[in-house]
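Hey, can you piece these two chains together into the complex? The hints should help.
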Amino acid sequence: MDAVAHAPAVEHGPSLRQRLAARGFDAVTLLVIPAAIFSLLLFVYPFAFGFVLSFEPKAGGDWLANYRRFFSDPFLYETIAKTLWLAIPVTLVNLLLAIPIAFRVRLMRNQRLLTTLLVLPITLGTVLVAEGLLNYLGPQGWFNRTLMTFGLISQPLKLVHNYWGVFASLVITGFPFTFLLTLSYVTGIDPALEQAAATLGASAWQRFRHVYLPLLMPGLAITFCLSFVQAFSVFPSAVLLGEPAGPTRVISIAAAQAAFEEYDYSMGSAIAMIMGFVQLGIVVAVLASRGLFYRGPASGAKG
Amino acid sequence: MIRDTTIGAKLWAAAVWATVGFFILNLLAMIGTVVTSSFATRWLGTWLPAGWTTRWYTSAWSEFQLWDVLIVTFQVIGAVVFISGALGVTAAYALARRDFPGKRLLVLLFLLPLLIPPMTFGIPLATVLYQTGLAGTFWGVVAANLVPTVPFVILVMIPFIEQIDPKVEAAARVFGANTFKLFIYVLLPLLLPGILAALLLVLVRTIAMFELTFLVAGPTSQTLVVALYYAVFAAGVRAVQSIDAMAVIYMVTTLIWLIIALRFVNPTQIVTRAKQQPAH
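If you read the protein sequences in the order shown, they are chains A and B. Per numbering that gives the first Met the number 0, the first sequence starts with residue 0, numbered consecutively. Per numbering that gives the first Met the number 0, the second sequence starts with residue 0, numbered consecutively.
Excised from the complex, chain B in its bound form (with noise of 0.2 Å):
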């Protein structure tokens, strides 16, 4: 490493840092003022709020019958989550395994969702899921999210399934394992830590996902995200402590699956593809 001593290089260092750390301190103030004005009783032109109380949770929770949206969107996460490893890691397979004529196109067709806005081939998408009749149902918000996530599962899992060597699978072959053995007792175990790396970054994905889910859902077929920028779209008619405290419980429930999430992926993966694997 190289190491600049001179008193510009110092002042610049010092300017880089003091960025970083402005754009982490409103981040962090931001979310901050978000959960201070849930437990607020009342909170106006002070800087902190003239009291405390939780019973806004109590409120958002029954106004915005938060129990049915929470359970339809875990719903939908599960449905997501299954369906994109499912179809994910055996086209995966096959792409890291075969070369054949028109992969290359393949692996374009597959990067093109993810490359592309969600609300740029969410209206098209939704258009036809409401002349087939699937949007407003649940399995329309399914099918919608699941267009940016079965790509980013075989992305994701290509590169995983390429390292593990072809000789380990030929071995099991001579010793006569059958497709279905080969993949429950060699291939699975191999390729768990990144199938459940590559699920769990839908999985976090998907929770926040607003715009496809917002463009097919349904009233009863809203997850948390869609119904707090409901919430949020008609404020004023709501105390706003209530659609805090309704952010707060959409925080909490993203922050959790995130943290669980990074004890077995690396932050930078959920923005890009890891370049190396970690040394185990």
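With the rest of the complex left out, here is chain A (with noise of 0.2 Å):
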């Protein structure tokens, strides 16, 4: 039927639909637009209003004011370098404990144990990962009452409704995040490299040193971006285990105070908008670092 419909056509050359065929638009590229459309809908077009509603403040005022307001309000700036406080020393301490674990797990046959338990924090979610938490790090807690035991402590330490609660929720549910992470970078490079090393007599720390640390840098670079923007949005956690009116006030409570409880929508996007601009600031700085690291193969074929 094509055939015989788009027979003149070969004169004046291909048809629009043959042209369009040929550079991959056809009725099946077609299926993507219900998604397209929908991503568009309910995650560009939000992105922009908030965006562009965050210049528009609800108190009137000129367009800059949410943002004036927020670098001038100590309540509100100081936000910022409380979450930064809490998120890049939680996603080191992850990122370093994971690198030395990754390197032991990877040469365990049956790692499908290790890696059930440790997705278990995440399937679970923050909001359990707080409540199991305030019990158990309390000071009635089996955490204290062990120590105690063990005479390490006289006194219940105080875990819980402060930095150090947040902190340790954010390792039980950041650390298996990082660790299944850096564990798929390390297992993806060829063990022969480290082997190759090994007969030429490197020891066990040159051969990290030299052949796997410079291979897995890019690959620990985006594992700590990921991980940074996770800890960065702490939310529940620093809620229900923090002080969330003081040394834990994160970023988030204040942009979602602002939006829901002022129902004030415009300084709730500016500070999300905030938010964003701060993630995306630290990990263009840490990607671009990237570039002063070997890239390359990580295997050992030739070519």
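Careful, some of the hints might be misleading.
[Unchecked claim] EDC-like mimics (lysine to aspartate or glutamate), calculated; alpha carbons at most 20 Å apart, straight line:
id : chain 1 : residue 1 : chain 2 : residue 2
1  : B       : K180      : B       : D164
2  : B       : K9        : A       : E193
3  : A       : K57       : A       : D72
4  : B       : K166      : A       : D25
5  : B       : K166      : B       : D98
6  : B       : K180      : B       : E168
7  : A       : K57       : A       : E261
8  : A       : K157      : A       : D72
9  : B       : K102      : A       : D25
[Unchecked claim] Which chain B residues face chain A? A few, computed with CB under 8 Å, are given here:
id : residue
10 : T18
11 : G20
12 : A28
13 : I30
14 : T32
15 : T40
16 : L43
17 : A93
18 : V127
19 : A142
20 : L145
21 : A207
22 : I248
23 : V251
24 : L261
25 : I269
Simulated from the structure, these hints should not be mistaken for lab results. Glycine included, each C-beta is placed from N, C-alpha and C at the ideal position.
Here it is in structure tokens:
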């Protein structure tokens, strides 16, 4: 049917449909449209809307009033430092723990039990971890009780409703995430490279420092970024396990309060935009420094 | 494999395993605390509670109206799984089979909601949903939860579809199958393991998705995890054991699906996309 219908078009060159198909646009390509429209409507549009809304202050004033208020009110602008003070140490601790453990686990033949145990806190979610830690790390909880039994402390440590409660919850949910990402990068490196280095007499530390680490650096940079943005947007555990009015008043609490308690969507959007920009800034800085490291194949094959 | 037998290497290995053991011990003890507390009559200042009871479960069930909450939770999850499957698999098919200008941009568009934390895009999203009146309703919660799940299905399915030989489809076409028949008799059976794995992962992630549901849910559209948050948030009003009983109900709901999911997927897939398909 098509052949008959398009027969005259041959003289004038290919039809529009054929030209589009040659560039990859045909009926199959159209299948992507529903998902694309969905993403534009519920992801791109809200972001653009929030961005514009943040320049239209609820209380009037000029277009930068929200941002000026954020950066002049210590109760608001200090949330950036407080969140960074939580997110950066937690991400570094998670990453520094994950690297040696991933190197050990990569040699295990049966990793399934360990990985299953580690995805537990991720699937249970931050709210349950916060509820569990409230009991477990509390003054009467098993953690303090064990330390006192061993005589390591005489008074229960104060571990909940402060900085350390949020820190612990971010390690419990963040470490498995960081670890599993690191493990997938570590196992992606050809062990033949390490064997070659060992044959040439490199010690374990030299093999790590001069063979693995350069190959791993790009992956670690991405892992750092992903773990950092997750930690930076901490919300439920900062409320439940921390001091949401004091040292763990993180930026997402400020944003949620502005938008859904004061009903100032304009200010809420402005804080969400600032949160996004800080995350973006750190990610760009980390990924830019990645250019300083080795980039190339991580397999031992020729070519 | 290289074996180090020096004393330093052994000490180092022992230290690494001790750290793993310490982490897992604390994790299990934390879960154990919640379970123990939910069965406790009175638990103050001792290792174990004074007595055991199951009455907190009945009281939590009625206090928190858990039956209604569970029904809403499963309705939300069912809708999210179904819609993200329908939108995600079709888009993944197009992206896996065709190369067209702007494809990289489109893939980036689908990647971003997975990389950006829900709290960052959730606030503008909730604002838009409140202005359209969708927030607080069932469909508002579903729409918000779909934002990360549709891209997730797409990115899990693309490599899965790519590994199916297009010649199989061409052969079906040669034998006269139309698009519908091709899909039902050829593609669907081949894609079923991948779709099942992707949707189970969506299910597990949606049960635990707190932030987006929290930002847009109203009193009648709360899911279990949001109800749990409000219960912990207002702790002191109710007995700790009652909240812990609810936490255990939440935990059991999640773990049942996690166990089912783990029959079909690799645990690391919950965090990253598996690099290779397991050999069958």
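Hints not upheld, ascending by number: Structure breaks hints 8, 11, 15, 22, 23.
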